[in-house]
Structure formats: C-alpha cells, structure tokens
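Novice: Listed below, chain by chain, are the residues.
2 protein chains.
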Amino acid sequence: MTESADIAVRKFQKELNAGTVALVLLAVLKRSGEPLYGYQIAKLLEAASAEGMAVKQGTLYPVLRSLEGQGLLASRVEPSVSGPPRKYYTITAEGEAVLTAWTDVWDRMRTFVDATLEGGRG
Amino acid sequence: MTESADIAVRKFQKELNAGTVALVLLAVLKRSGEPLYGYQIAKLLEAASAEGMAVKQGTLYPVLRSLEGQGLLASRVEPSVSGPPRKYYTITAEGEAVLTAWTDVWDRMRTFVDATLEGGRG
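Taken in sequence, the protein lines are chains R and F.
According to the working numbering, the first sequence holds residues 1 to 122 in order.
According to the working numbering, the second sequence holds residues 1 to 122 in order.
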C-alpha cells in the first residue's frame with residue numbers, strides 16, 4: 001500500500017473512533033452497574049478488543065471528561081491505598097437515555113454500511 | 001429527551017457519518033463498475049438507506065472531491081443533453097486497495113462495538 005493510502009486508512013480509523021469510543025464508554029459503564037475508574041475501563045475495553053482495536057488510555061481520558069461535561073457521566077474522586085486518588089465514573093440517567101439513542105443510531109448505521117458493502121466484498 | 005441529550009445524539013451521528021460516508025461512496029463506486037455522477041450516487045445511497053440514514057447531497061459532494069484529492073477516485077466531466085455538464089466518478093486502483101483496508105477496519109470496529117453493546121441492550 002502506498003503512503004497516501006496508508007494515511008487514508010489511519011484517517012478513517014481515527015474518524016470511526018471519534019464516534020464509537022464515546023458509545024463504547026457509555027455501554028461499558030451502563031453494563032458494569034458500579035463506578036469504574038479509568039484504568040478499569042481501559043482493561044474492560046482491552047478484553048473486548050482482542051483483534052487489536054485497543055482504545056489507548058490517552059484517548060480514553062479526554063472522552064471521559066467530555067462525557068462528564070455533557071452530563072452523561074458523573075464522577076467521584078476516592079483515595080487509593082496504592083497510589084494517587086482515583087476518579088470513579090458512573091453513567092447518569094441522561095447518559096442512559098443518550099446510550100439508548102446512540103445504540104439506535106449505531107444499529108441503523110451498521111445496517112446501512114453493511115448493505116452498501118454487500119456485493120463489494122470478496 | 002433533554003436538549004443537551006439531543007445535541008449529544010446529533011454530534012454522535014455527525015461523527016459516525018464522517019468516517020462512514022467515504023467508505024460507502026467507495027463501496028458504491030466499486031460495485032457499480034461504471035462511472036457515476038453525484039445524483040446517481042445519491043439515488044443509490046437513498047435506496048440502501050430506507051431507514052432514514054439518507055446521505056444528503058450537500059454532504060456527498062465535498063466527500064467526493066476529498067476522495068478525488070486523495071487519489072482514491074478519478075473524475076471526467078461530460079456534457080449532458082438535459083442540463084449542465086456532469087462529473088462522472090470512478091474508483092482508482094488505489095481507491096480499491098483503500099476500500100479493502102477500510103472494510104477490514106469497519107468489520108473489526110463493528111465486532112468490537114457490538115461486543116461491548118451486548119448485555120447493555122434491552
């Protein structure tokens with residue numbers, strides 16, 4: 001693959017990530033049912049992404065802060081016995097409503113993209 | 001849904017679109033096997049998006065130009081009997097290579113997102 005094609009692939013991955021990381025974070029926090037701090041979330045995402053889609057921790061924190069700024073997550077700082085205090089996140093009621101709406105958008109987008117890719121595969 | 005939740009949903013849709021419109025355009029042009037102009041592409045996308053995911057023509061044209069600028073599409077202007085000249089697009093060899101790579105990224109992303117959404121549904 002040429003260098004410009006390689007750039008196009010990285011640009012695409014970055015654009016897809018922009019939307020999906022926030023979706024995945026809300027989903028993980030909804031599912032856990034208990035407050036989680038950044039490192040725990042990163043580990044849960046890593047477990048779900050065996051095929052090298054790992055979300056880097058450096059990507060995670062700005063998105064967590066942005067979701068909190070939008071009122072979709074709430075946080076509480078607690079001391080840790082083994083290091084600096086930890087910021088625990090929970091999903092808010094508004095976050096749950098948005099997760100439902102995002103999941104619906106995602107499902108329709110996935111159906112649409114897969115429909116256009118069919119026939120172009122193989 | 002509150003106004004801020006509504007903003008969050010529109011932001012998410014916009015971010016998802018940013019990556020997927022380019023993917024879908026390459027897929028449609030690969031599949032057609034013949035040059036297509038903007039309006040034809042818009043109609044094909046409309047047909048694939050019965051559930052209201054319609055890609056607006058205003059979104060389409062900048063992405064077509066961007067893909068051409070990246071060497072993934074080529075174009076040729078031809079006169080039309082019924083109006084202004086039409087710009088016909090074809091996918092380039094580089095575009096086909098990038099489509100294959102993007103499809104792979106998409107498939108992995110879809111698997112990852114669906115895995116994290118499982119259990120959070122319903």
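Hints were generated in silico from the structure; no laboratory data involved.
Bear in mind the structure is a predicted one, so any value in this text is a computation, not a measurement.
Do not take every clue at face value.
No distinction is drawn between identical chains; accordingly, a pair holds when it is met within one copy or between any pair of copies.
[Stated by the list, open to error] Below are the SDA-like pairs computed for lysine to any residue, each with C-alpha atoms no more than 25 Å apart in a straight line:
| id | residue 1 | residue 2 |
| --- | --- | --- |
| 1 | K87 | S4 |
| 2 | K56 | G38 |
| 3 | K43 | T2 |
| 4 | K43 | A74 |
| 5 | K87 | D104 |
| 6 | K87 | R10 |
| 7 | K11 | T100 |
| 8 | K43 | S4 |
| 9 | K14 | E34 |
| 10 | K87 | R108 |
| 11 | K87 | T59 |
| 12 | K11 | A42 |
Novice: All hints are to be evaluated individually against the structure, with a verdict given for each.
Specialist: Going through the hints against the structure:
1. K87 - S4: Classified as between: cross-chain Cα gap 24 Å, same-chain 40 Å, threshold 25 Å.
2. K56 - G38: within (11 Å within a copy, 38 Å between copies)
3. K43 - T2: neither (34 Å within a copy, 32 Å between copies)
4. K43 - A74: For K43 and A74, the Cα distance is within 25 Å only inside one copy (20 Å; across copies 44 Å).
5. K87 - D104: Neither. Shortest intra-copy (29 Å) and inter-copy (35 Å) distances fail the 25 Å Cα cut-off.
6. K87 - R10: Classified as neither; 31 Å inside a copy, 28 Å across copies.
7. K11 - T100: Answer is between: at 15 Å across copies they meet the 25 Å cutoff, but 28 Å inside does not.
8. K43 - S4: neither (33 Å within a copy, 30 Å between copies)
9. K14 - E34: Cα proximity of K14 and E34: none, with 29 Å in one copy and 30 Å across.
10. K87 - R108: Answer is neither: 34 Å inside a copy and 30 Å across each miss the 25 Å cutoff.
11. K87 - T59: within (16 Å within a copy, 40 Å between copies)
12. K11 - A42: Intra 23 Å, inter 23 Å, cutoff 25 Å: intra and inter.
Going through the hint list in order, the structure does not satisfy hints 3, 5, 6, 8, 9, 10.
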